[in-house]
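J.: These protein sequences, in sequence, are chains A and B.
Residues in the first sequence are numbered from 1 upward in steps of one, following the numbering used here.
Residues in the second sequence are numbered from 1 upward in steps of one, following the numbering used here.
Keep in mind the hints are simulated off the structure, nothing from the lab.
Every residue, glycine too, gets a C-beta built ideally from N, C-alpha and C.
Where hints are given, some of them may not hold.
Pulled a few chain A residues facing chain B out of the computed Cβ check, cut under 7 angstroms [to be verified]:
id	residue
1	Val-105
2	Asn-116
3	Pro-118
4	Asp-324
5	Asn-330
6	Ala-331
7	Phe-338
8	Val-339
9	Glu-340
10	Asn-363
11	Asn-371
Each computed DMTMM-like pair below joins lysine to aspartate or glutamate, with the alpha-carbon atoms no more than 25 angstroms apart [as the list claims (entries may be wrong)]:
id	chain 1	residue 1	chain 2	residue 2
12	A	Lys-342	B	Glu-66
13	B	Lys-2	B	Asp-25
14	B	Lys-165	B	Asp-151
15	B	Lys-49	A	Asp-200
16	B	Lys-47	A	Glu-321
17	B	Lys-49	A	Asp-335
18	A	Lys-111	A	Asp-200
19	A	Lys-300	B	Asp-68
20	B	Lys-49	A	Asp-344
21	B	Lys-52	A	Asp-204
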Amino acid sequence: MSNFDKIKSITIKQPLKLDCGKEISNFPLAYETYGNLNEKKDNAILIFHALTGDQFASGVNPVTNKEGWWNYAVGPGKAFDTEKFFVICANVIGGCMGSYGPGTVDPKTNKPIGTNFPVITINDMVNAQYNLLDHFKIEKLFAVAGGSMGGMQVLQFVSNFPNKAKVALPIACTASHSAQNIAFNELGRQAIMSDINWKDGLYDGETSNPDKGLAVARMAAHITYLSKKGLQEKFGRNLQERSDLKFGFDADFQIESYLRYQGSVFVDRFDANSYLYITRAMDYFDLTKQYGGNLSKAFKESKTKFFIISFTSDWLYPTPENKDIVIALNAIGADVGFVEIKTDKGHDSFLLDVPDFLSTIKNYLSTTYLNVNERRI
Amino acid sequence: MKEEFKVISKLIDEKSRVLDVGCGDGILMEYLSKNKVVDVRGLEISKEKVKKCLSNGLAVVEGNAEYDLKQFPDLSFDYVILSQTLQAFMSPENVIKDLLRVGKKVIVTIPNFGHWKIRVDLLFKGEMPITKNLPYEWYNTPNLHMCTIQDFYNFCNNKGINIFKTISLNGQKTSKITPSNLKYKNLISELGIFLLEK
Chain A
1 MSNFDKIKSI TIKQPLKLDC GKEISNFPLA YETYGNLNEK KDNAILIFHA LTGDQFASGV
61 NPVTNKEGWW NYAVGPGKAF DTEKFFVICA NVIGGCMGSY GPGTVDPKTN KPIGTNFPVI
121 TINDMVNAQY NLLDHFKIEK LFAVAGGSMG GMQVLQFVSN FPNKAKVALP IACTASHSAQ
181 NIAFNELGRQ AIMSDINWKD GLYDGETSNP DKGLAVARMA AHITYLSKKG LQEKFGRNLQ
241 ERSDLKFGFD ADFQIESYLR YQGSVFVDRF DANSYLYITR AMDYFDLTKQ YGGNLSKAFK
301 ESKTKFFIIS FTSDWLYPTP ENKDIVIALN AIGADVGFVE IKTDKGHDSF LLDVPDFLST
361 IKNYLSTTYL NVNERRI
Chain B
1 MKEEFKVISK LIDEKSRVLD VGCGDGILME YLSKNKVVDV RGLEISKEKV KKCLSNGLAV
61 VEGNAEYDLK QFPDLSFDYV ILSQTLQAFM SPENVIKDLL RVGKKVIVTI PNFGHWKIRV
121 DLLFKGEMPI TKNLPYEWYN TPNLHMCTIQ DFYNFCNNKG INIFKTISLN GQKTSKITPS
181 NLKYKNLISE LGIFLLEK
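Isolated chain A (complex conformation):
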């Protein structure tokens, strides 16, 4: 874990009042940047990560030595072109890649905070990350962007700070977490909390971890990120390194082996308590309710240009939920673009090499950057 030393972070000194009522201060927020901030400081893009992401959107994550989670989209010449834009990405509070979270060691006890960590919300995450603008002395971001939970943060950011981003790209997300999504998250949490090693969240993180529970949570969630067609085409009923069924409970099918593998590699890089806290934050997200049942009011003060994207095979954050955001924006005459990208890759499409999706973002950003900065508007 010495690679954690390579993580950049700011310490947020002033108190942050959380939605749960508690207050936190002097806490770390880990971040990474890509590209260069120009002299006018008008080319910054703040990217928000999804449930299991972190600040390492591109390049190689120095802690896991794996590729950044949005490597297809962020980098030189890519959709978020780091030759043009200065990309900032922070680890959300509650996360486990250097930001203040349940895995942070409490200096008083020398143990992880665990479930003594306060329950946080998407609103809290966004308010913490807002401090990055001060840190980089950026008056106004060119764009805020993110998929899934990252998209929820985009929506919350624009509603909290109406004139701090010229462009907003919420991708494959929702303004109000659905019952189905709460149900899937609860399934994952129950898997973790049923693991004997969870110990009411007070595992020490070194000798014992609720790895089995966390792996099952990841396996279940992973299914929801893919489409039925995608799974069928990739795995079908193919058998795993065997020519016949073995009449047992070993992984006979490739899909079983694949899910087991996904679960096992996930526990190496993710903290079970973080999984509980972040899924809870997603479940609590209801921007419509925050504005008295009228989502339009969340964006009433904003002049931000919105570009909303959904995917045909995403059944976790399906098109109608994304379209509700479009409808709310149109109701107040906001500047909004929307397209549903055709793909079989399910909710995960936003993380994958989907050329239509990536090229549309790339072109939209470069044209819009010229429009808003060099021409009038």
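The hints should help you fit chain B onto chain A, whose structure is shown.
T.: Same frame as chain A, now just chain B:
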């Protein structure tokens, strides 16, 4: 058809909010943005075309006008444009109703099925006409509800829709259509451009 866009552009006041329904590749939207100070939005059904528009930075929403106009509040645009698309809807009548609800003024252009070449084709060949503006065969045409300038004129009168201006377009030539020259213009116009209000 650049000439049509010029005529439409002239009908639109500066500093107005415009919605282009069935905006296609966004050529008209770009033309308006370049030539006028307007805030222009688009609605388009084809994913490919929407992606093209967004790539050019245009505020276009993917959607079907027959269902998705509902999301726009009453009188939320100064002008709503429907360029050569009316004939492709399942229910043109309902679409026009919605356009008049959303826009303070509505600009509708229709390929004129009453043009003499079309009439001659049908009269002498006895086949469904195929022209520059209507290039499809009867079995693959997206145009479900073809009409003539006269038909649309009658429709507006019957429905109590105010026609402010009607313009005929024939090749590069534009001219005014009035009640007295309507029969003649219906014979020689390739395109009819209507400025309407509820």
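J.: For every hint, state whether the structure bears it out.
T.: Hints and how they fare:
1. Val-105: violated, 46 angstroms
2. Asn-116: violated, 46 angstroms
3. Pro-118: Violated. Min distance 38 angstroms.
4. Asp-324: violated, 10 angstroms
5. Asn-330: Hint holds; A/Asn-330 Cβ to chain B Cβ min 5 angstroms, cut 7 angstroms.
6. Ala-331: holds, 6 angstroms
7. Phe-338: Interface hint status for A/Phe-338: holds (4 angstroms vs cutoff 7 angstroms).
8. Val-339: Check passed: Cβ of A/Val-339 comes within 5 angstroms of chain B, closer than 7 angstroms.
9. Glu-340: holds, 6 angstroms
10. Asn-363: holds, 3 angstroms
11. Asn-371: holds, 5 angstroms
12. A/Lys-342 / B/Glu-66: holds, 21 angstroms
13. B/Lys-2 / B/Asp-25: Holds, at roughly 14 angstroms.
14. B/Lys-165 / B/Asp-151: With a Cα-Cα distance of about 16 angstroms, the restraint between B/Lys-165 and B/Asp-151 holds, given a limit of 25 angstroms.
15. B/Lys-49 / A/Asp-200: violated, 53 angstroms
16. B/Lys-47 / A/Glu-321: OK: B/Lys-47 and A/Glu-321 at ~18 angstroms, within 25 angstroms.
17. B/Lys-49 / A/Asp-335: holds, 18 angstroms
18. A/Lys-111 / A/Asp-200: Holds, at roughly 14 angstroms.
19. A/Lys-300 / B/Asp-68: The given pair, whose Cα atoms are some 21 angstroms apart, holds under the 25 angstroms limit.
20. B/Lys-49 / A/Asp-344: holds, 20 angstroms
21. B/Lys-52 / A/Asp-204: Not satisfied, since the Cα-Cα distance of roughly 53 angstroms exceeds 25 angstroms.
Going through the hint list in order, the structure does not satisfy hints 1, 2, 3, 4, 15, 21.
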